[in-house]
Amino acid sequence: MGSVYQGPPSLLQDLKVTVHKSSLVFPSQETEKRTLFLSNIDQVLNFDVETVHFFPSHKDFSPKIVADKLKNTLAKILVPYDFFAGRLKLNSETSRLEIDCNAAGAGFVVASSEYTLDEIGDLVYPNPAFAQLVCKTSNFLKPGDQPLCIFQLTSFKCGGFAMGLSTNHTTLDGLSFKLFLDNLAALGHNKPLAVTLSHDRHLLASRSPPHVTFPHPELVQLKIPINKDSNPPVFVATQEDLAFNIFRLTSDNINSLKEKAKAASGVHPNARITGFNVVTAHIWQCKALSCDTGINMDRMSTILYAVDIRPRLNPPLPPSYAGNAVLTAYATATCKELNEGPFARLVEMVSEGARRMTDEYARSVIDWGALYKGFPHGEFLVSSWWRLGFDEVEYPWGRPRYSCPVVYHRKDIILLFPDIKEGGGNNSGVNVLVALPGNEMEKFQSLFQKFLA
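At position 324 of the sequence shown the residue is numbered 336 (the numbering used here), and the sequence of numbers has no breaks.
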């Protein structure tokens, strides 16, 4: 039976972090001054993604040695990743964001905490104080300067440390960020790049003229020109008080959900029974039926989730494509369908959302973005960090004990992230982070157990 994660009774509100030095790091070699085109997918992702990677102490790598080595390695990687040393700019003629690859530098911060890594507590449990382990990009070192990438190396009293990264989402998606970490680790080992980058973002340019060939109910048009507000919210933050829980699904729980789906798969042959699809279908049931909207079983619920389009295009994008190559798939059902099932049908709907993402559909979405400027729109989004593999990167000082995003609780975003013990392998369990108003959380928890039975 799945369980509610038993987190610590109290979280440290202040990690007592002191910043010792902040600086800019420049490419170790001269780089070409150029302007980097950003696709329509990149354009709407002008916000920072913050991740923290925790490391235990290492006998050969004190935090001071790690900081020096990481800073030198960052200078090296800013040669192939020259855009990380650039700055965003708005092209006044096209009203599009671009990256000015001007070698202005990436940020580097050295800090320390008064706690040991063990005193920080359970790393899986999302602590808002982890935000102290990353550096905000705005006004770095001087007013108006906003690097696209900042590293913060925070040492703990035990000799362990945290590597916090703040990166602008226009630069990379989760898959290409993992390749960036692989390449960072390779250069740290004094080896060649693990993966050679594919830089051509024109591969995801809109067609001329744009040609929208599908309806796109998963997208909503902005009411303001995109250049008037470069960072409007994809989901509007709620002012409600939210309770949050981590629901843990073990590998056995996930296998049980797969068996439940297989029981009716003959009637629903298009149900692609994968770990992600069954977990997503299960969450969809619980979230939609826990909404505080009365008992209207005819209400439509739309779930959103990301799909990597690299292998879906014709010809496929290179796996090493450096940029954002993820689009939002969707599935829609009535609350009655979600309540009554069968479960295989719900898995089939989730499968169909991904299957819909053909080359022509993806191109239609990209062209829609050229004509209308908009964002994904649905009841909630499942954001999966489950199998990105950030904790599998082998740095000179070893693998992270745990890697996670800095979490800001949102009722319209449900996060999937790996278990600290099992990691994110194909047969691993998963932690599901849910933030909801108290009464809805009670319903969600009850439904979570009910639909697992």
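A hint or two may mislead.
Simulated restraints, written as ranges between beta carbons of each label pair [said to hold, decoys possible]:
id : residue 1 : residue 2 : range
1  : L254      : S104      : 37 to 43 Å
2  : L234      : G353      : 47 to 53 Å
3  : E352      : D72       : 18 to 24 Å
4  : S458      : P221      : 49 to 55 Å
Worth flagging that the hints you see were computed from the coordinates, not collected in a lab.
Where a beta carbon is used, it is the ideal one built from N, C-alpha and C, also for glycine.
Status of the hints after comparison with the structure:
1. L254 <-> S104: 37 to 43 Å: holds, 41 Å
2. L234 <-> G353: 47 to 53 Å: About 37 Å separates the Cβ atoms of L234 and G353, which means 47 to 53 Å is violated.
3. E352 <-> D72: 18 to 24 Å: violated, 59 Å
4. S458 <-> P221: 49 to 55 Å: Between S458 and P221, where Cβ atoms are some 52 Å apart, the hint holds.
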